[in-house]
Amino acid sequence: MLLIHCPYCEEDRSELEFRWAGEAHIARPENIAAISDEEFAEFFFLRNNEKGLTYERWRHIHGCGRFFNAARDTVSDRFLMTYKAGLPKQQVPETGASEKTVETYEATEGDAR
Amino acid sequence: MSGPANNLGAFRIKGAGRLTPARTSRFTFDGKSYTAMEGDTVASALLAHGVHLIGRSFKYHRPRGVLSAGPEEPNALLDVSRDAARRQPNVRATVQEVFDGAKISSQNRWPSLAFDVGAVNNLMSPFFAAGFYYKTFMWPKEAWTKIYEPIIRRAAGLGVAPTEEDPDRYANRYAHCDVLIAGAGVAGLTAALSAAATGAEVILVDEQPEVGGALHSDATTTIDGKNGFDWAQGAAAKLKAMPNVRVLTRTTVFGYYNHGFLGLAERVSDHLDRPGRDVPRERLWQVRAGRVIIATGSIERHMVFANNDRPGIMLASAARTFLNHHGVAVGRRVGVYTAHDSAYEAAFDLKRAGVAIAAIVDCREQPGEAVLAEARLLGIDVLTGHSVTNTGGRLRINSMTVARNGNFDIRKIKVDALIVSAGWTPSVHLFSQSRGKLRYDEAQQRFLPDIYAQDCVSVGGCKGTDDLAELIDEAITAGGGRLALVGENRFDWTGGMIGAGEGAGPDTTVKAFVDFQHDVTAKDIRLAVREGMHSIEHIKRFTTNGMASDQGKLSNMHGLAIAAEMLDRPIPKVGLTTFRAPYTPVTYGTLVGHSRGDLFDPTRKTPMHDLEAAAGAEFEDVGNWKRAWYFPRRGEDMVAAVNRECRTVRDVAGVFDASTLGKIEVVGPDAAQFLNLLYTNAWDTLKPGKCRYGIMTREDGFIYDDGVVGRLAEDRFHVTTTTGGAPRVLNHMEDYLQTEFPHLKVWLTSTTEQWAVIAVQGPKAREIIAPLVEGLDISNEAFPHMSVAECTVMGVPARLFRMSFTGELGFEVNVPADYGAAVWQAIWERAERMGACLYGTESMHVLRAEKGYLIVGQDTDGTVTPDDSGYGWAVSKKKTDFVGIRGLKRPDLVRDGRKQLVGLVTNRPSDVLEEGAQIVADPNQPKPMTMLGHVTSAYWSENCGRSIAMALVAGGRSLIGQTLFIPMKDRTIAVEVTDTVFFDKEGGRIHG
Amino acid sequence: MVDSGADVATRSLPLSGVHGGSAAVRLEVAAPAGRISLRVRNEDVSALSAALGVDLPVKPKTSAFANGRTALWLGPDEWLVIDEGNSGLTTAAANSGALHSATDVSHRNTAILVEGPGAVATINVGCPQDLSLKAFPVGACTRTIFGKVEIVLLRTAEDAFRVEVWRSFSDYAFGLLSQGALDAGQ
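Residue numbers (our numbering), protein chains in the order written: chain X, 4 to 116; chain E, 10 to 1001; chain R, 239 to 424.
Heads up, a few of these hints could be off.
[To be verified] Below, simulated SDA-like cross-link-like pairs (lysine to any residue); rule was C-alpha separation at most 20 Å, straight line:
| hint | chain 1 | residue 1 | chain 2 | residue 2 |
| --- | --- | --- | --- | --- |
| 1 | E | Lys888 | X | Ala36 |
| 2 | R | Lys372 | E | Arg255 |
| 3 | E | Lys898 | X | Leu49 |
| 4 | E | Lys754 | R | Val283 |
| 5 | E | Lys112 | E | Arg32 |
| 6 | E | Lys888 | E | Arg656 |
| 7 | E | Lys754 | X | Ala88 |
| 8 | R | Lys372 | E | Ser408 |
| 9 | E | Lys898 | X | Phe47 |
| 10 | E | Lys699 | E | Leu392 |
| 11 | E | Lys978 | E | Met940 |
| 12 | X | Lys92 | X | Ala36 |
| 13 | X | Lys87 | E | Val495 |
| 14 | X | Lys87 | R | His257 |
| 15 | E | Lys41 | E | Asp109 |
[Unchecked claim] Selected chain X positions facing chain R (Cβ under 10 Å, derived; list incomplete):
| hint | residue |
| --- | --- |
| 16 | Tyr11 |
| 17 | Glu13 |
| 18 | Ser17 |
| 19 | Glu18 |
| 20 | Glu20 |
| 21 | Phe43 |
| 22 | Arg60 |
| 23 | His63 |
| 24 | Gly66 |
| 25 | Cys67 |
| 26 | Gly68 |
If you're looking for bench data, these hints aren't it; they were derived computationally from the structure. We treat Cβ as the ideally placed atom computed from N, Cα and C, and that holds for glycine.
Generate the whole structure from the sequences, applying the supplied hints.
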């Protein structure tokens, strides 16, 4: 179970108090009524779903109730940082943690070839 | 032997072991009664009585005995029951402590353990080789579901699952600590003492009843000048007395998850003769640890050779534990087969206890000097460079066949037990579960922790540290404190091997077991490789090696080595299967904990629930809520009750509990602007004191929720949502408010439970509530349809809505929840006298369908727009922005031919359609037919005197007046497409 | 009954007649109290504090008590204010003259008092937070999860907590607390 640092409560809390809220830094277009179908599709339907470093939103729904942003490595499940909603995308230091902690079937299968 | 020792078993050795005969208990095994001592496991107690035959193997039904003395046991799995309702299969005899009155039975045998019909599988074994299932049951295809699968299912599985509900309690506890230490052997205890001294909050966990770990088997190690096991008990006592330390014994760290989270299963009362009623059987600890010290030691491996599975063959360390801890000799004439020095110490201890050692057969040419010298001193015959190539005996070993390595001259040696050791496998399970990466130690042929993924450290045996002094140092360092501790052991061990032994090599067909529980032999692993499995993950699945409940604690390394040899590859290149939680099996009860019965899920009841129940209500589940479904009177079934309720509401009036509807208070100077953005409607035009039906769409333009919103003041709105939508609508609103529109000065508060809501609907609604309302004129002129006001009802502050979900004159009385019951009671007393009724959700559904009112989630499914449902009028044309404004313009949402909500009436009025039924234009078209849509709501309408339905139909509104068809299993029903209003089409009643 | 409308509604409290607890911990249903959910921007905190007679704490996980009122920090602009007497909370807040949202939730919530040496173990049956005095000292408060329901937890003394829970979840919360109390007694 993840341990998540809430930037508003300023401490680590159990995943049980949080709810994931999708990819971060996707701003709703200000002139949304005027955008093209392609722009709308890009905004609403398409997500990067990246392996490794991902920016995502969480809500401390059973805590302070705030939405915030997190940079998480989806391979190691490590939170590299969390920061308040509204702040621009933050740079995180490269840790290279992903490679070391892969424990998947493909990894062992790869070794065996 | 004589006297009391006899009762405790003929194989108890006087003066040996740490148990005292002060307390004894009786248990039965397969109906026969035995006596045990306090501290006995089922295994030690049975062995004390000379019982080695304990079970039958899974596939071949071969006789099996006790292999180990710990949780790694693959063989001795038993059915243990306390009473009729408390029975558990597959209990490890080496873990289960004897309690008085235990009824224990062997498994996987019929009719008896000694004579088992299933043993014929052993003779058929050429047909049951690895991959047998995959290859044999391929065809004919139909035979799989009818013949093969039922037979396999009957034969499969070990033990018999209990059929009765588990009467025991299971507890759950969240806990936090600075340091969690898994394992309380020398390393774990030392680390705990060291960490505790720093003031850190420490949790020390061990799976055995007493701390000590490997010291259980040991009789010669000294620590701090004391006998090792005694030192361990003293250390535990010292730790328990410290306020910052919690020592959990009989507790298994079964899982090491993300971010320092660990699952622990504590067996609280399985060992007690008569557990108290309030004592849980097991307790799940969910621990968040700052740091973890893994001190889980290592597990001895067996030797892989022909017929290495007969009862009486066991790990040397197990024999040593039974002797030194339980005071039980595993035989009278014991053979030893080893590749490691540790087995010598077992032989020495047995010899000193008066047990004859037939010979130590060591496959190595050069065992450790020290143990060899000691063996000579004790007069034990040591055959170096020899191997045991076979064993004899039916239900118990009676001989071992010994040969010089590479030589065909064999000799048979009579034994009644054979203890074996191929060396030790570090228990890296928790380290691996923490996502740490292992490295292969070529010299010692073992996997060891290499790269740590979490804040943890391995110490001692599980890290591959063999030297005692080094182990103590490393544990002290891991604990972070200072400590002076000296440990001494008699012998430093060398040796070890993995893979098949002499005589069980590639050119043989002998049954040399690698995985005892799943009956996987060395031959099976080789077959898997020959059949093309080259990854250990494939070999594992093909052979089922390591897939039994012991998860390959003994077998994985052997299986890997045999595969590597066949593939002619180094072991790390063949790969190691991933270690997954749980480390040992965890009962469902422990995982379920308190989440059963009333606590399985919250049952939400409205403030009027008890009054409704007293009035005879049947309830239905809506989410976690119990909602009154209908109120049958004596002799009424559901249909009759609903028909009466529907008729009465329109003729007189009905009283309905609407408390579960979600309510959100939207407050702030920008409240109207915020609602403008969240709903398709316009809210700035709504005057205080008025309410309006609103539709909420997502960005994609599809309906998300709906409800009536009342404006109480310029800056205060009372928003209602659907019952099921309440939490997600609030989350949706908060999301937009916090992240897209944070500049708006508005706040949201859930008030769902602040208000009890009593809907009074029908021509007499006003007359019913009027005398109870104070400070408000509720006449039609002063308080018309879609009004809202704050007033006083029965002396308490209330919010009164003039609104209707029935199409009748209606009010919704909102009072603070604790007053709900009293106000309901008063309203009902008046209503009843006027001939009104109580009605439930079923009648509510029918009444609203008669009016064509939408239920989000029933008549919509997440792909329906306001226009699709005929609610296009609710979408403001003037607004320049709201959530969904762009989505609604998407090409697919504005095209012709979208499914639209329409009414359906069946040609035969008595036919009530099935919700979900598909609709076609031509019932005679070839299959697959073109389906135009489906029925979303269908009821018998007593008020219309016929069945009514709503449906989503492609181009539905243009089909009004036409006939469509609904093909059912037994007939086709013809329907006419209509608009969605079936009753009071003019809509006058609502303004009454 | 006369149709006068003069009858005053009587109050039916949730959790009436429930029993629970063990040798290690006492479970008690708290008396009815006035409560508001208060939302205030940073710049208006002092005005609201003055109006309510209790300083709204601005540090996460803390509470303040004065004049019979407890203000619990729940979020950066959110407080639960509990008045042991009955009410006047919304009026007092309105008198601040500052921008805010005060919503009466007196009947939405009910409270269970958990007291005794086993209090922490009792709550930790379903609450994943670290309730050691170091992490959760007297006066600490938080919204959190308890088994399958949401609660607001306030530590009122070393071995005493107030568990605020929504009305319809109170049976579940009390039931789970009872199980915790039983286990804490072991």
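Structure-based check of each hint:
no.	hint	in the structure
1	Lys888(E) with Ala36(X)	holds, 10 Å
2	Lys372(R) with Arg255(E)	holds, 17 Å
3	Lys898(E) with Leu49(X)	holds, 18 Å
4	Lys754(E) with Val283(R)	holds, 15 Å
5	Lys112(E) with Arg32(E)	holds, 19 Å
6	Lys888(E) with Arg656(E)	violated, 42 Å
7	Lys754(E) with Ala88(X)	holds, 17 Å
8	Lys372(R) with Ser408(E)	violated, 64 Å
9	Lys898(E) with Phe47(X)	holds, 14 Å
10	Lys699(E) with Leu392(E)	violated, 100 Å
11	Lys978(E) with Met940(E)	holds, 16 Å
12	Lys92(X) with Ala36(X)	violated, 26 Å
13	Lys87(X) with Val495(E)	violated, 53 Å
14	Lys87(X) with His257(R)	violated, 43 Å
15	Lys41(E) with Asp109(E)	holds, 14 Å
16	Tyr11	holds, 5 Å
17	Glu13	holds, 5 Å
18	Ser17	holds, 4 Å
19	Glu18	holds, 9 Å
20	Glu20	holds, 6 Å
21	Phe43	violated, 32 Å
22	Arg60	violated, 16 Å
23	His63	holds, 8 Å
24	Gly66	holds, 6 Å
25	Cys67	holds, 4 Å
26	Gly68	holds, 5 Å
Hint compliance for this structure: hints 6, 8, 10, 12, 13, 14, 21, 22 are not met, and every other hint is.
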